[in-house]
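Colleague: One-letter residues, chain by chain:
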Amino acid sequence: MNIGPRNNSDIYQKSKTRNIGSLGLFLVILVFSVLFSILSPVFLTVTNIMNLLIQSSILAVLALGTTFVILTKGIDLSVGGVMAVSSAVGLGMIVNEGAPVYVGVLTSLLIGLLFGLLNGVMVTRFAIPPLIVSLASMAIARGIIQIYTNGANISPVPDSIKYLASGQLFDFPVLLLIVGMLAVIAHLTLCRTVYGRAVYASGGSELAARLAGIRTKRVITGTYVISGVLAAIAGILLAARLESAGPNAGMGIELTVIAAVVIGGTSLFGGQGNIVGTLLGVLLISLISNAVNLLDVPPAWDQLVKGIVIMVAALLDVYRRKYYKTGYAIIK
Amino acid sequence: MKVLDEVHFELSAGEVHALVGQNGAGKSTLAHVIAGVHQMDGGEIYLDEVKVYVKSPFHARRLGISIIKQEPELLPEMTITENIFLGNEVSYLGVFPKGKKMQRESKALLESIGCRLHPNTLVRYLSTTERYIVAIMQAIARKPKLLIMDEPSEKLTDHEREQLFKLIEDLKKQGIAILYITHRLQEIPRICDRITILRDGKHVITRKPEGLSEQDTIKLMIGHDISRMFPPINENLGSELLRVENLSVKPWFEAISFQLREGEILGLAGLVGAGRTALAATIFGQIQKHIGTIYYKNQPVNIMHPHQAVSNSWAYVNEDRLESGLMKDMSVSNNISISNMAKNSRYNFLQKNQEQVLVLDQIIDLGIKVMHIDQEVKYLSGGNQQKVVLARWLAADSEIYLLDEPTRGIDIGSKAELYIRIQELARQGKGIILISTDIQEIIGLCTRTLVMHRGKITGDLSQRETTEESITSLMTGEQ
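Respectively, the protein sequence lines represent chains A and B.
Just so you know, we're using my numbering here: the first sequence kicks off at 1 and counts up by one.
Just so you know, we're using my numbering here: the second sequence kicks off at 1 and counts up by one.
Isolated chain A (complex conformation):
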């Protein structure tokens, strides 16, 4: 009864359709880009593209963390709040208490980590739905900022932090280097490490992963910690870019982050998605904001246009994925 594969090379052969996911989104971005460059002569200039990437950097950092959380079937609504509170308190340490810069930065990171831990522990140990947990911690974060800043902006930002946003290294913006580095680390963590594999497994089926010997609660808590720390990093970068930390920074950004991650192909049901997709999702959303600015859309129309375009992009994505799915089913 010979039912196995014919030989090793047969099964070793990689699926050719596997990366279609990201490719489809890439095509959508390409189509939009062509459209925008026809509509606006400024769009396809080096300055504008650099601008676009820099504007997308905060979103990108937050989206990296959210990808981890969504991969485990979770959701983190607190990223905007955590970003704001960690940047405000961190900068406050430097400006108000006269602490050295590194202490301020470490304070920010610590705040991010603690919020992540809080979210993770509440979700895994007390089995509270992630939506509720992170909604509550978002409110807590926003509340702390209000108390801490009394509604006022904190400035000035020390030069060494400003360098993160405005500095150039080998004629390349430092900010983009940092985001790129974080993305590479996130990507390698998901694809190459034991932890990354455990993240996918816990999201795919928590029970099955547990029975396969994975400490799913720790793994899931870890994703919230990653999300929190990345939110803190985003907070530092935001302070560097805006040259101040304000109580209303990043208001409502969490929904844009989630939209970017999901458009990037990460399933809200967990277990499926990757960093490349997330970056493309971020790129698409930033592209739209950029175009809305360039094309002189009246400010009142801004939100409406953005909403419609995101909807269309998501729709294209669904069609793409449907095709991809049936394509697979035929092989079966």
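One should not assume that every hint holds.
Example chain B residues on the side facing chain A (calculated, C-beta under 8 angstroms, incomplete) [unchecked claim]:
(1) 49
(2) 305
(3) 316
(4) 338
(5) 345
(6) 350
Which stretches of chain B does chain A cover? Using the computed rule of at least three CB atoms under 8 angstroms from a CB of chain A, they are [to be verified]:
(7) 308 to 315
(8) 319 to 331
Distance condition first, Cα-Cα at most 20 angstroms in a straight line; then the derived SDA-like pairs of lysine to any residue [unchecked claim]:
(9) A:217 <-> B:323
(10) A:217 <-> B:281
(11) A:217 <-> B:311
(12) B:352 <-> A:217
(13) B:328 <-> A:194
(14) A:73 <-> B:53
(15) A:217 <-> B:288
(16) B:69 <-> B:141
(17) B:343 <-> A:188
(18) B:328 <-> A:191
(19) B:343 <-> A:190
(20) B:51 <-> B:13
(21) B:352 <-> A:188
(22) A:73 <-> A:163
(23) B:328 <-> B:72
(24) B:343 <-> A:73
(25) B:378 <-> A:267
(26) B:297 <-> B:238
(27) B:328 <-> A:312
(28) B:343 <-> A:192
(29) B:172 <-> A:188
(30) B:343 <-> A:267
(31) B:250 <-> B:292
(32) B:352 <-> A:189
(33) B:352 <-> A:190
In case anyone wonders, no lab produced these hints; they're calculated from the structure.
Computed from a predicted structure; not experimentally measured.
Heads up, the beta-carbon is just placed ideally off N, CA and C, and yes, glycines get one too.
Following the hints, complete the assembly by docking chain B onto the known chain A.
Modeller: Then chain B, alone, in the frame of chain A:
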């Protein structure tokens, strides 16, 4: 690819028609086409001599075609009654449901199969078997003309199976035609009037079951002979691997003590609900024990979480492989290597080449049918999925295997292969605990058999004492 190729057969009122074939032969697909789940590319379906085109499952239901799927779709947050009468509620003026009447009827339906569940129980609390019974009742309550049963007896215990057969007799008398898909060839002559065999989507034969031996059926199904179902039992037992003393988890089982030796296949027989699955889950750390001690190689171990069991080199094949055995969306390769990541990594970075070698070894060894190692596991057939679960634990080089219904829903060819594999493991000195509702399987594989009844061990049978009668009487608590 064609899943079905020019299959034709007819079914008359009051007939039970068996549909058999290996996994992937197209039985379920055929059933789904008739029930409107899938659409056909060509061909015709006649119902009561009228040509029909079944557009959707809803349409099928209106035509009087009911299907009981392998994985029933019930609403876990509703009661048994509500599920049974879903979309079919008995009501005043079509608005106000007659709760009491439906409750009485569903109670009667449940009793007709000897099931004593209260009709107001939420489906969420039911076991796999009990859910299946509810699904059967749901189909019957719709008063179909044609009832399709897709492997109904697979999830039932012998006792419930008997009740099901009686029920089928009743339905037959009412003139309902039944299409009965099964892997269990021994039940065909008992209940079926005719049999149709499919192989690779093609129609092989339709005939009366009289005079068609099980051997012949298998031959027609797979195209060649299987000389022997069960390999010889390993008789070389080594030293003690596992000892369980006085283990209790209320309300599932209490005061369980036994010992497992190297090279031993220890059978756990019993009715569904006798506490066997809970026992395995407790040993593996999925359920926390209340009292009792577990010794591994004579050292007491305190397993609080499955990861401790895995690092002790224990393996657990669950009865519900799609829910709790496999990560459906992950690749075959990742599913196989998931419990062995510590060995396949350096500084927490996965060594992909090493991993690939390991995975390929298992795939070739077990003859798992895959397109490539990154194929998602949900696209494999049931037998192949089960092999993937086993491959994971083989790859992890486990010492103790807890196998809970390892052959459920698997065709005969794959079963025979798994049996050989299990016996080989025993020969290599591994310890195996086998939970099975299939008594033949227990008799054919096990060195020793423990029989459980209502959470207690009622019998400890050596291989010589293991017979169908001795197990049956012990597990129903007659002795």
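Colleague: Output the indices of the hints that this structure fails to meet, ascending.
Modeller: 1, 12, 14, 22, 24, 27, 29, 30
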